[in-house]
Amino acid sequence: MKKHWYDYLWIVELTYLILGFFNILFAWIGLFFFFIPLIIAVARGTKGYCNRYCGRGQVFGLLGGRFGLSRKKDIPKWMKSKAFRYGFLIWFFIMFFQMLWNTYLVFAGAQNLRQVVTLLWTFKLPWNWAYHGTLFHPGVAQFAFGFYSVMLTSTVLGLITMILFKPRSWCVYCPMGTMTQLICKVKNGSK
Amino acid sequence: MDSVKKKRRKAAVNQNDCVACGCCAKVCPLSAIQVVKGVAAQVDGSKCVGCGKCARECPASVIEIREVET
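Sequences listed follow chains A and B, in order.
Residue 1 is where the first sequence starts when you use the working numbering, and the numbers rise one by one after that.
Residue 1 is where the second sequence starts when you use the working numbering, and the numbers rise one by one after that.
Listed next, the stretches of chain A that the computed footprint assigns to chain B, with coverage defined by at least 3 CB atoms under 8 Å from CB atoms of chain B:
id: 1; segment: 37 to 51
id: 2; segment: 70 to 84
Every beta carbon over 10 Å from chain B, so not counted as near; a handful from chain A, in silico:
id: 3; residue: 18
id: 4; residue: 21
id: 5; residue: 32
id: 6; residue: 129
Derived by calculation from the structure, the hints in this document are not laboratory data.
Note that CB positions come from ideal geometry on N, CA and C, so glycine has one too.
This is chain B alone, in the form it adopts within the complex (with noise of 0.2 Å):
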């Protein structure tokens, strides 16, 4: 039997404009997403549930809620 394809939404951040200030990570309530070396944010794709939070509150609006096949 083929297996079926999930669809599941995570958070991308667009890095090149993200300014790392962490407001993201303030609201993930799974932690999800750190700003990494005071560059950008960076979401951890298995922990990731696309709940949307942090994209609501990028001031900058660099993070999108994109549908990955799993």
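So here's chain A without its partners, still in its complex pose (with noise of 0.2 Å):
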């Protein structure tokens, strides 16, 4: 089948994930990957970027299917329920606003700025590394810190179900498919 260009994007996914392990503040670009399907999805009621675009559904692709480190399994039925789609995205919700509260303390000066990328919202992982000061508050590297923690903490589940189920599992539970296919729904006027 013929290529475009956007079924390279996963390079853009693969090097933002480089980028963040040399510089935490480039986990700032990773707000693209949030506002554009959201853009999409109320400008034109389509997911057309989780059809086309999603660079980090192509990565579990690539990986699950042409280097097969997938089982190719089917997904617990659980799974793909309504009940934990929409759980799972209520969770994800707390857990980015406890992210901007973090970000908001820093700015406040109520708390120092930590650098550590927190995996899987338990393992602090230390990360000093990627941080090399910011002409800004230590707040905005509060917030690339927090961010690059929740890029991080869905790459890794996505790579966990893309071994054990299908390629792209991830995209099953993905918060923002969940969103934006809600979204679509609401405009769409379908239940």
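Since each chain sits alone in its own frame, please combine them into the complex, following the hints.
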């Protein structure tokens, strides 16, 4: 099948993750991966981002498909249930707002900058090598550490389910996918 | 003479559980499956030949290949 430019967006996703290893401030770029799907869903009422441009999905597709790192088994029923998908979306929201709250505390001077990346909301990985100071407020860096934690956590979860189930199992419970599908349902008037 | 009914294989999507990721549409060699309005995938029965590529790709495993009479 004919390849399009957007079939190579997995390079962007990998570059993003690698850049965060060297300078955490690059994590801010990840906001594009949040806003573009939402803008497409709100403006056009489609999941165009998931369907075409999602570099993360492409990474899982390549690793699990072409590189054969997936068992290619069916995902358990509960993982595709609405309860789990919406529950995971809410969980992600709570963790996201907690990250924003930590950023606020640093901005307000109530908390010092923590140079750690939190994996799976629990494990604090030292990440000080990727911080070389900032021209801006330390709060800017705190957001970067927090946001990169979100991105790395979702990548690791996606890799685990890629291995256990089908390559793009992450797409089933991806909070952005659930959210954009919800927006499309509301916008297009279906239940 | 009676017309002979042929059975053909076609993909069928469980739209209730479809996450509209579009993995199916990417692999369909005949562009017979599309995500409609970001809600769920839909099969164009006139194009689908029931090859099963979409069903194998679907991360939620909500596509079945069924035999239908035509």
